[in-house]
Amino acid sequence: MEKMPSLQFSVSDFIALTNQTLEYAYPGVEVEGEVASFKVNQDKYVFFDLKDKGGSIGCFMTVWQLRVPIEDGMKVIVTATPKLTQWGKFSLTVRAVRPSGEGNLKKSFELLRAKLDNEGLFAVERKRSLPRLPQHIGVISSTQAAGYADFIKILDDRWGGLQVDVTQVQVQGTGAPDQIIRALNYFNSRKQLPEVIVIIRGGGSADDLSAFNDEPLVREIAKSRVPTLVGVGHEVDVSLADMVADMRAATPSNAAQILVPDRHDTIREVRYQLQSLLPRTEQAVQRYHHDIHRQLERSIEAIDRRYAYTSERLGSLQRVLAELDPKKVLARGYALTRGEIAPGKLIEIEKSDILITAEVQHVSKK
Amino acid sequence: MSAKNNLKISEKTAKLNELVTWFDSDDFELEQALDKFTEAEKLAAEIEHDLLALKNNIEIVKAKFNEAE
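Read top to bottom, the protein sequences are chains F and S.
Quick note on this note's numbering: the first sequence kicks off at 1 and runs consecutively.
Quick note on this note's numbering: the second sequence kicks off at 367 and runs consecutively.
These aren't lab readings, by the way, just hints derived from the structure by calculation.
There could be a bad hint or two in this list.
[Claimed, not checked] Calculated lysine to any residue pairs in the SDA-like style (CA-CA distance at most 25 Å, straight line): (1) S:Lys421 / F:Leu277; (2) S:Lys402 / F:Leu277; (3) F:Lys107 / F:Gln168; (4) F:Lys153 / S:Leu420; (5) S:Lys402 / F:Ala284; (6) S:Lys421 / F:Gln135; (7) S:Lys428 / F:Ile181; (8) S:Lys428 / F:Asp150; (9) S:Lys378 / F:Arg263; (10) S:Lys428 / F:Thr143; (11) S:Lys381 / F:Glu282; (12) S:Lys374 / F:Asp165; (13) S:Lys378 / F:Leu274; (14) S:Lys421 / F:Leu193; (15) S:Lys430 / F:Trp64; (16) S:Lys421 / F:Ala149; (17) S:Lys421 / F:Gln168; (18) F:Lys115 / F:Gly101; (19) F:Lys75 / F:Gly101; (20) S:Lys421 / F:Pro131.
[Said to hold, decoys possible] Using C-beta positions, here's what the derived DEER-type ranges look like: (21) F:Leu193 / S:Leu418: 27 to 33 Å; (22) S:Glu384 / F:Ile292: 24 to 30 Å; (23) F:Lys44 / S:Glu433: 20 to 26 Å.
All C-beta atoms, glycine included, are put in the ideal place defined by N, C-alpha and C.
Using the sequences and the accompanying hints, generate a full structural model.
Written out as structure tokens, the structure is:
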């Protein structure tokens with residue numbers, strides 16, 4: 001039997017061939033393990049080992065590819081391509097890394113929250129108010145998601161006449177953060193900016209919602225020119241995207257409630273306003289009636305006062321007049337004399353009860 | 367109904383508020399109250415009609431976001 005000729009390569013060619021073979025065999029492989037010897041060189045390159053009980057593999061990635069914080073002891077899943085380095089060392093070139101399991105997701109969440117909080121990204125002073133009644137809304141969501149359907153239904157029920165532009169993106173999985181970032185950039189670069197950008201997604205597992213704890217996405221939301229409203233998951237789910245947004249909605253339905261008033265409330269308010277006018281008019285009529293009645297009373301009182309005053313004055317004049325009556329003077333014993341007072345002349349003397357005719361005998365000065 | 371109509375609704379609501387305020391103000395005159403009330407009644411009916419007729423325009427953006435441009 002003829003022996004197969006052995007293939008002969010240079011070292012470099014052999015490494016290149018091995019890498020081609022590996023790339024063909026494992027174009028994208030996910031490996032789960034515990035992080036060890038994590039380090040960042042020159043703020044650009046990330047090195048760590050991924051290990052389990054049976055072995056350890058060196059991993060390499062760039063800082064910008066590391067979307068969530070990791071540290072030694074944390075269990076992660078890396079999406080990577082196996083590679084043989086020019087020094088003959090086998091390693092994984094990592095494209096993405098995500099924490100594995102709820103505990104590690106939470107740990108990663110807390111690490112990133114502390115980091116961003118330290119930078120002031122969640123500060124209340126940064127929060128902008130949403131427009132009271134926006135006319136143009138930008139929505140970032142998956143149109144297939146139940147959360148999106150809830151949002152649109154509540155929005156349509158509550159208000160109308162709005163221009164709603166919807167960008168269709170993935171809302172879970174490794175590609176989701178970048179798609180949401182592109183959608184945010186799309187809205188923020190429009191000539192006609194929407195008045196608010198709403199990011200929504202219904203409930204899911206911690207892993208499903210982890211896309212909303214992605215550092216570049218959180219930073220992109222923070223720097224959005226347009227105010228943001230984030231409604232992800234259920235009421236109990238809190239993501240970093242929620243925390244950095246100008247406003248957090250507990251659910252997608254709640255996002256619609258925050259955005260627009262309920263037209264039925266407005267109609268009730270309008271009806272109430274109208275109904276309130278009738279009692280007001282009635283009150284005004286009563287007020288007028290009361291005022292007129294009061295004025296009449298005052299007029300009658302004034303006439304009464306004037307009458308009393310005049311009557312009193314008249315009585316007093318009558319009393320004075322009565323005192324001046326000559327008959328009263330005669331009754332007191334005085335006499336009234338008529339005729340020329342000169343010696344020899346006859347005069348008439350009137351007393352209260354008699355008339356006397358007498359002759360003047362003598363007149364002298366007192 | 368377009369977004370433009372919302373502005374009209376807000377104008378009508380503002381006018382209705384103005385009328386309601388007039389009833390509480392010193393400008394109130396009984397002789398004008400009936401006309402003002404009729405005007406308010408008409409506005410309220412229009413606002414209700416406009417609000418119920420409003421429809422949203424939902425547009426799915428054609429741009430794709432699944433890969434970098």
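Results of checking the hints against the structure:
| no. | hint | in the structure |
| --- | --- | --- |
| 1 | S:Lys421 / F:Leu277 | violated, 31 Å |
| 2 | S:Lys402 / F:Leu277 | holds, 10 Å |
| 3 | F:Lys107 / F:Gln168 | violated, 30 Å |
| 4 | F:Lys153 / S:Leu420 | holds, 14 Å |
| 5 | S:Lys402 / F:Ala284 | holds, 14 Å |
| 6 | S:Lys421 / F:Gln135 | holds, 12 Å |
| 7 | S:Lys428 / F:Ile181 | holds, 16 Å |
| 8 | S:Lys428 / F:Asp150 | holds, 22 Å |
| 9 | S:Lys378 / F:Arg263 | holds, 14 Å |
| 10 | S:Lys428 / F:Thr143 | holds, 13 Å |
| 11 | S:Lys381 / F:Glu282 | holds, 22 Å |
| 12 | S:Lys374 / F:Asp165 | holds, 22 Å |
| 13 | S:Lys378 / F:Leu274 | holds, 13 Å |
| 14 | S:Lys421 / F:Leu193 | holds, 21 Å |
| 15 | S:Lys430 / F:Trp64 | holds, 23 Å |
| 16 | S:Lys421 / F:Ala149 | holds, 16 Å |
| 17 | S:Lys421 / F:Gln168 | holds, 22 Å |
| 18 | F:Lys115 / F:Gly101 | holds, 21 Å |
| 19 | F:Lys75 / F:Gly101 | holds, 8 Å |
| 20 | S:Lys421 / F:Pro131 | holds, 19 Å |
| 21 | F:Leu193 / S:Leu418: 27 to 33 Å | holds, 30 Å |
| 22 | S:Glu384 / F:Ile292: 24 to 30 Å | holds, 29 Å |
| 23 | F:Lys44 / S:Glu433: 20 to 26 Å | holds, 24 Å |
Hint compliance for this structure: hints 1, 3 are broken, all remaining hints hold.
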